[in-house]
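Engineer: Below are the chains, spelled out letter by letter.
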Amino acid sequence: MRYISHTPFQVKEMMDVLGISEIDELFEDIPDEVKIKGDLDLPLPLDEIGLKREFLNLSEKNKAAGFVSFMGAGAYDHYVPAVVKALVGRSEFYTAYTPYQPERSQGILAAIFEYQTMMANLTGMDVVNASMYDGASSLAEAVLMACDIKRKNKVVVSEAVHPEYVETIKTYGFGYNKEIEVVPCTDLLETDWNSMADMVDSDTAAIVVSMPNFFGVLEDVKRAGEISREKDVMLIVSVNPISLGLIIPPGEYGADIVTGEGQPLGSALNFGGPYLGFMAAKSEYVRRMPGRIVGETVDADGNRAFVLTLQAREQHIRREKATSNICSNEALNALAATVYMAYLGKKGLRDVAYHSHAKARYFIDEAARSGRARIINDRVFNEVVVEIDDLERKYQSALEHKILPGVKLSRFFPGQENRLLVAFTEKRTKHEVDILLKALGVK
Amino acid sequence: MKGTPLVFEKSQPGREGFRLEKADVPEIDLTNTIGEELLGREPDLPEVSEVDVVRHYTGLSDMNFGVDNGFYPLGSCTMKYNPKINEEIAAIPNFSELHPYAPEELCQGTLEIMYRMQKYLCEITGMDYFTLQPAAGAHGELTGILIIKKYLEASGKNRTKIIVPDSSHGTNPATAKESGFEIIKVRSGKDGLVDISELQKAVDEDVAALMLTNPNTLGLFEKNILEISHILHEKGALLYYDGANLNAIMGIARPGDMGFDVVHVNLHKTFSTPHGGGGPGAGPVGVKAFLRDFLPKPIVEKKGDKYFLNYDLPHSIGRMKAFYGNTGVILKAYAYIRSLGAGGLREASEVAVLNANYLKKQLADLFEWPTDSICKHEFVASAANWKEKYGIRALDIAKRLLDFGFHPPTIYFPLIVEEALMIEPTETESRETLDAFADALRRIFEEARENPDLLRKAPHHMPSKRVDEVKAAREMKLKY
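Protein chains in written order, with this note's numbering: chain A, 1 to 443; chain B, 1001 to 1480.
Think of the hints as simulated: they come from the structure by calculation, not from any bench. There may be inaccurate statements among the hints.
What the hints assert, rightly or not - Label pairs and their computed distance ranges (CB to CB):
no.: 1; chain 1: B; residue 1: 1365; chain 2: A; residue 2: 29; range: 41 to 47 angstroms
no.: 2; chain 1: A; residue 1: 24; chain 2: B; residue 2: 1050; range: 52 to 58 angstroms
no.: 3; chain 1: A; residue 1: 13; chain 2: B; residue 2: 1153; range: 52 to 58 angstroms
We treat Cβ as the ideally placed atom computed from N, Cα and C, and that holds for glycine.
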């Protein structure tokens, strides 16, 4: 397959127009020393049938995709409705570029405006940008944003934030010469608030917490709000958007910037991406936000129209004075989230959140009743840490039953060998949870 | 309200779209499990039916324009056709439903593709190692510059400056700033290329790197690239390749052979994955061997016949995001490379360059030209003559092109060209399309002479008339 329209005759005609007899003449400005001699060493091309066959063969090796999954840890197996796939699959959306020409891009602009509105309502914040890469990088950008706003150099991050998010913050912090301090958790896998308050000093811009936290635990976020007010530091919260179907929005407990991973809102697991980073903030910080923002306006006839706005924050206008270097974002995933939230509506999102929570509770209650597993902290939303003797053997046994029983904590925290992080969504049935309990030797 | 519709206006209290039947587990008391303190209200979202949702977003899609709708010669963005088979492949459930933390031995298919993709990108760019982690071009730039920063630090060198040409993409200086560097701008010469003597003056022991795209944003190949590389390396500085314009040289020349130490490539430009209305993209980063240990963790490696995620990179900059990259995008780009092979990639670049030069020739008498050299995959025209003669700006031309069914080129970039129109036709456009586009511009040129107001008020036949951007910025209405 080559996806080129010209016939050989047309190529000849076009070369005649240019007065050349060989295509190579168009590359005469490239010095011979840097030209490739011969062909690139790549496999022979495949036609569409061969390509499909190769991919189907490779896909067979992804055995885990067919398993019943209790894995979460930042990527969740929620149901993606057919409506979302159908609408996101319209190529007027997905083959478009960033909407630089508003008159011919009202579709995606209106959808992003709706996305900003729904996410603002969900998080209880004033303004939302058009999207970031993922939950980790949006949190890292929030940290840089807070340091800029407060003109300070340090942030204090809870250890109960996703470990890969903490690593990402540290990488961005290394670039921007900022200091990232991590507050340890309590034995109950909650943020140690007293230590966090103690670690805030005069050079601290913000505290960073996750809700629910990486271990699934519902944090005492009101305490986080108090620390932020008392110590005059910004409160940055990384949040699971589905949980906001049941839990109070961060705007209600004093968050200044809210970020998170929007994958649960209509994006497939896709082995880690593309996902949807979101960022919401109080209105006074809008000019310090990274990324695209869509605003409402009118056209020359006075009719409502939408347009990218406040572009003086962005790299293509301000270059090194921009608030971030971000250009491409995750617009199509934001569109998926928009359609998802519109389709589910207020009741549907609450139902999805309730089902996920109720299934987690069923697991917790059964495990607790059996006495053969230890639930570290049961104040959770849809994900819980369970400690089981001889976990590795039971984990393997679950795999043999085509179950992904969860994410081993030892992946991130050496020394936590018998601890498993188990996640639940509306897709899991009671029957599946029972099989999991059996495979883990709990029931 | 007249104008673009919003879903909120279709909402009716009590109307339902998606519905879940009763859960099959025991009912729970939320005040016990979550607690009064944390229990929230129903979120404020619209209440619409499935039909409402489908009609609304189908209606919005009609108000949008993608490559599938027509010619999209947006300079520097490589809006080539996005093959349908690649979409179908990425949606195969065994790829799309794979959890990133599933055991590696049960994800061998995707890991194998990622491993091979790293190898193919090395071969195409002439680099030694690749990371697939960055989610976009600018994310790749940040990754690459942080690798350079960490490398220099590990070598005991404290270097504080990054050089960017005045014709560079805005992301380059923004990236350098986000990486904690001071930005030094070098002017382009009259020929549109990096001015070698200016560069020599700018490079000293404080310079960490030069960020360069080649061909540059004027669509010109930096033919002095080996000398540029020598100037940087002699002073211990590195050379960074912004891969936005790689579509001009696939199979013809490689950044690695030009002396670049770090490159990023845009899978959503060069390798045909769709732009998604702004994203997702993917911006893999390649490095020469001496920088391998600084790559973000993990990279995909192979032991025996097993593929695995290698976290053992002693000097790694860390992570740029969670997980491993925009894998769904990587699958599509991999399918593209497998479809075209070495010959097809080379042909893509050849025809991209042929199309650009052909179209430039068709437009020769309509515009002013910053340079008269042959171009690579794109070129920049100046409408300074339109402005002078008829008071018509590049913006007016762009808006009028919409009425002719074309997406306009990039305008007002690069900044060094007055009233710039940056045109990148790509290889997937037919000669008939290029001719029709040239005819449209010719017609618009006549309109500029006869009825300039027609252009100033354009577009006339679009979902919206000309949009008031100033009002949007002043009033800041950012949600419904």
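Engineer: Each of the hints needs a verdict: does it hold here or not?
Structural biologist: Hint check results:
1. 1365(B) - 29(A): 41 to 47 angstroms: The hinted range 41 to 47 angstroms is violated for residue 1365(B) and residue 29(A), with Cβ atoms some 24 angstroms apart.
2. 24(A) - 1050(B): 52 to 58 angstroms: holds (57 angstroms)
3. 13(A) - 1153(B): 52 to 58 angstroms: holds (56 angstroms)
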